[in-house]
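Participant: Chains as they are written, first to last, in my numbering: chain A, 1 to 419; chain B, 1 to 311; chain C, 1 to 294.
Everything labelled a hint here was simulated from the structure, so no lab data went into it. Since we're looking at a predicted model, the values are computed, not measured. Please note that a few of the clues may not be correct.
List of simulated lysine-lysine pairs, PhoX-like, C-alpha gap at most 20 Å [stated by the list, open to error]:
id : chain 1 : residue 1 : chain 2 : residue 2
1  : C       : Lys81     : A       : Lys46
2  : A       : Lys352    : A       : Lys373
3  : A       : Lys373    : A       : Lys118
4  : A       : Lys214    : A       : Lys407
5  : B       : Lys83     : A       : Lys414
6  : A       : Lys407    : B       : Lys118
The primary structure of each chain is shown beneath.
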Amino acid sequence: MRASMKAALAAAAAISLLLAGCSGASGGSSDEKITLNMWGFADLYKPQVQQYEKDHPNITIQSKISDYDASHQTLLTALAAGKGPDIGQIAIDYMGEFVDKPAAFTDLRKFGADKIEKNYLDWRWAGGVATNGSVVGIPTDVGGMAIAYRTDLFQAAGLPTDPAEVSKLWPDWKGYLATGKKYVDATGQKWVDSGKSVFRAESNQGDEKYYDAKGKTVYESNSQIKRSFDDGVAAIDGGMSANVATFTPQWGAALANGGFATLPAPAWMLGVVQQQAPDLAKEWSIATLPGTSGNDGGSFLVVPKASKHAKEAYDFISWLEDPKQQLANFKATNTFPSTPSLYSNPAVTSLKNPYFSDAPVGTIYTDSLKAVKGHPTGPKDRIIENQFENALGRVDQGQQSGPDAWKQALGDAKREIGD
Amino acid sequence: MSTDTPIATPFASRRGVRAKLGERFAPYVYISPFFILFLLFGLLPLLYTIWVSLHDWAPLDDVHPFVGGDNYARMLSDPRFWKAVANTFSIFLLSTVPGLVLSLIIASVLNNRSLRVKTFWRMALLVPNITPLVTVTIVFSSIFGRDYGPVAWVLQVLHLPPIDWGATPFTTQLVIAIMVIWRWTGYNALIFLAAMQAVPASLYESAEIDGAGRWASFTQVTLPSIRPTILFSVVTSTVGGLQIFTEPLLFTSPTGGSNGQGLTMTLLVYGQAFNSFHFGYASSIAVALLVIVLLIAGVNFVLARLIRSSE
Amino acid sequence: MSVSRTAALSDRRSRGSRRSSRPQVSMFSYAVLVLAVLGCLAPLYWMFVVGSNDSSAISRFPPIVTPGGNFFDNIVAIEQKVPFFHSLVNSAIVALSVAVLQMFFCSLAGFAFAKLAFRGRSALLVAVIATMAIPSQLGIVPLYMIMSGIGWTDTLQALIVPGAVSAFGVFWMRQVVMGSIPDELVEAARIDGCGTFRTYWSVVLPNIRGSAAVFGLFAAMGAWNDFLWPLVILNSPENFTSQVAIQQLRTGYNTVDYSIVMTASILATLPLLILFLAAGKQLVAGIMEGAVKG
C-alpha cells in the first residue's frame, strides 16, 4: 500500500505542478484567523454560533450537514483517509462503532473534559468514553421518550383524553397493548406506526441492551430484548401496526391522515409531527411512556485526530453543550438538554406544547429521562439493532411469523458481527 | 461498416527518420493526458479496491491483516451475496430491456424531419436525467406508497386492494426499475437519435423503391445501420444497470429492505463498507461485480462479432 | 444488409434531402411522444406542487394537484440557510469545465483507440472498461487521500480534475470516431502531410462535432448531478455545489421540510434547462450537421 501511495502522490504532485491552482478557503495559515469545520446531520442554532463568533472574533465556524446516514459516511471516509473536520457530529446509534476507535479522535481529556463530566447524565457521558478511558465525544441533547396520541381519535373510541388519565392506561407495555386492542376493536383503525417502534422504545428500558458491562454481546440471552421483540410482534399480530417506516413520506402521510393513533416519540420528533400535520393542532397530546424510562436519539460532538485546531474546537463544543447553552438551545428549539441540573429548572419543567394540547411535555420528558438506568454500549449495537428492526419489518409486511423472524435475526446478527 | 483495421503506424512523413520516430510515439503522447488522469483517478482506486479486498480492513483501525482469499471465500458462502447477485440481474433485466426498447421507439419517432418543436421534445426527455436523484426517490416513494399517494388513490378509486410496493421483491424491484427507466430512457433515446440521423437517406430511398413499409425499413435499414450504437448502449446500460445503487438505497434502506428485497451488489458493497465497517469484505464484493460486468461486456462483444461475421 | 463504405461516402451528400419522402408525422408517433413527455414531466410537476405548498403537501390524501403560493417564500428561506444561487454558479463552473475537458480528452483518446495502432491498445481498452465497472463509492477513500495529499480539499478543482476523464467518454468517442470517420479520410490526411494531432484537430474533430457536443452536454449533466464526492470533499458553504447545498436544507434529526427541498431541487434543474434551450437549436443542428459534412 505504501509504495503505490507514494507513486500516486508523486504522480499527483507532478500533475499539480502542471495544473497549479490556488487552494480553497480551508482554514487560515496565519495564527490569527481560524476556521472550524463542523460536519453533522443536524443544524447548529445560528444565533448561538453568531454569538460565539462575536465573542471570539478570530474564529469562524462553518458547518456542513447532510442526510443522517450520508453524514456518517462522509465522516468515515475522511477519517479512513486519515483526515477529518475539526468537529464531527455522531449520532448515539452510530457512536458505538466510532468510540471503539479512540485513535482516530483527539482525547478530550487533554483539554480538561473530565472536569465537565459531572454536568451530564452519566449514561449519556459514558457513551462517549472509549474502553481505554479516552473521552472521544461530548454529549449533545437527549430525546427522552413519551407517547404522542390523537385526542380526537381516542375520544371517538371511548378512551380518556387527558394526559394524566391516559398515562394511567399503560403503566407497562401490557397495558399499552391491551388499550391498543380495545382501540382496534372499537374503530378498526391502526394503533401504532410500526412494530419496530414498540421494540425500539421498550428495548432501551433495561440496564443492558446488546452488550454487557464487560463488552460481551448478550442480545440472544437478554430477556429485555426478547420481551420487546415479542411485544412488537404482538402489536403486529393484533392488527395494531400501520406498517409505515419512520420518517418516510408514507409515515408523514399516515401522521396527517389518522393512519395511527399513538406514536412513541422522543422530544425532537414533536417538531416533525407539527410540520407534517399542521392541520391537526390540538388534536394531539402527550402521555407517559409505558415503563416511563426511555431515550431515543441524541448525538456526540467529536474532534478528529486530524484537526489542526483541536483546542479551539474543544473550546467551542464544550461551550455549546454547557448547561447554560443547552438551556438557551432548549428555549429556542425544544431540543432536550442532556444536563440533569436543568431538569429542575422551571424553564424546562414548565414547558407545555400548544400543538399538543398544552400537554406538560417538560415534566413528562424529564421524568422519562430521570428514570433511565442506562446500558452499556458496544461497537456492533447498530448492526444488531438493524437485524431486529428488519425482522420486525418482515413480520409487519407479512413475510414471516414472529418466531421465524426472531430466529433469522439472531442468525443474521451472528453472521454480521462474527467475522 | 468495418473500421476494425486501424491506420497502420507510424504515420509516414516526408520529414525524415527523427520525425518518423516521433510519430511512432505520437499515439502515446496524445493519449497520455487522458491516461495520466485516468491512472490517478480511475485505475488507482480500482487497484486500491483489489488490494483492500485481500485484507481484513476496518477503516479506522491501524493494522489491516492480510487475509488473502478469505473475503472471497466468505462471500461465496454468504446468502446475502447470492441474493444481491440475483436481485442485481432481475432489476437489470426489468429496467434495461424495456428501457432500451422504449428508447428505440422514442428515437425512431423523433427521427422525423418534419416533427414540430424538436427542441421541446428533446428537452423534456432529458428532464428526468437532471432531476436530483435524492429528490426523485422521495417523489417516487410517495407516488408508490401503500395507503397514500397518487397510485394508492387510483387503486382506491378502482376498488382494488392497496399494494405494499416495498414488501415483496417483485414489487420493490418493479418500482426501482420504473425509477431507472424514467431516468435513462430519454437519455438513451437521444443517443439512438444521433445515430439514426447519421443513416444516409439513400438507403431509405432504395428500401422504399423495393416496396418496404415503415416497419420493414425500420428493421431492415435503421436497426442494422445503428447496430454499433445499439451495442454501445447495451454495453454501457449493462455496466450502469449492474451498478444500480441510489434508487434501491433510498427506496428501501441501506440493507435493501427488511429482507433484502432491493439489495443490489453495489448496495451490498456500500452497506458492508459504510454501515458495517468491513472495507475488505466490501471490496471483494466490488471485485466480484467487476468480474461479472467484464464477463457480460465480453459476451456482448463476442455476440456482436458473431452476428457481424455471419452476414 | 450491410452498407458498403463507398456508398456511405457518396451518400453523405444526399443526406440533406432525406425524409422528403415522409412528410407526415403519424398520430401514433405524436401519441408516443406526448405519453413519454407526460411521463417525464409529471414527477417534476408534482415536485412543483409540493414545492409551492408546504411540507405537509406531500402527505395529503387525496393528493394535491394544484400549486400553492409559497414558491418564492421558499426561495427566500433557502437563500437564508445556504448561499444557494452561488452554489448554482459553482455547479455551473464545474459542469462547464468538466464538459470541455472531457470533450477534449475523451475525443483525443477515443481517436487514438479507434484509429491508431499501438502496443497494449486492447489491454488498455479493457482497463478503461474495468474502471467503469467498479462502484465509485469505494474509490472515494483513496481519492480523498490523494486530494488531501495535494492540498485540494474544499476546492472546485478537486471536482473538475478527476471528472476530466471518463471511461464512458472514451468508450463513446471511440465508437463515434469508428462510426463517422472512414479510414480513407485519415489516410488522405496522412498523405497530405498532417501529423497525428493535426489530423485529430482539423480532420476528425470537425466531423464528430455534433456527437461531441451531445457528449459534452451529457458530461455536464453528470457533473451537475454528482452528489457523493462533492459532499465529502467540500467544506465551505461558498464552495458548495447545488447538490450539496440542497443537503443543507435539512432542519434537524431526520427532519426534512419537503417543500423547501422540492423548491431547491427545481431551482437546481433550471440552469440545465436554460442550457438546453440555449444549446438546443445548436444541438439539433449539430447532430444533423455532423451527418451532412463529408
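Participant: Does the alpha-carbon distance linking C/Lys81 and A/Lys46 stay inside the 20 Å limit?
Facilitator: holds, 10 Å
Participant: Check the hint pairing A/Lys407 with B/Lys118 against an upper bound of 20 Å on the C-alpha distance.
Facilitator: This hinted pair is violated, its Cα atoms lying about 59 Å apart.
Participant: Given the proposed pairing of A/Lys373 with A/Lys118, does the C-alpha separation stay at or below 20 Å?
Facilitator: Given that 20 Å is the threshold and the Cα spacing comes to 16 Å, the pair holds.
Participant: Given the hint that A/Lys214 pairs with A/Lys407, does the C-alpha gap stay at or below 20 Å?
Facilitator: violated, 25 Å
Participant: Next pair to validate is A/Lys352 with A/Lys373; report whether the Cα-Cα distance is within 20 Å.
Facilitator: At roughly 26 Å apart (the allowed maximum being 20 Å), A/Lys373 and A/Lys352 break the hint.
Participant: CA of B/Lys83 to CA of A/Lys414, is that 20 Å or under?
Facilitator: holds, 18 Å
In summary, the numbered hints that this structure violates are 2, 4 and 6.
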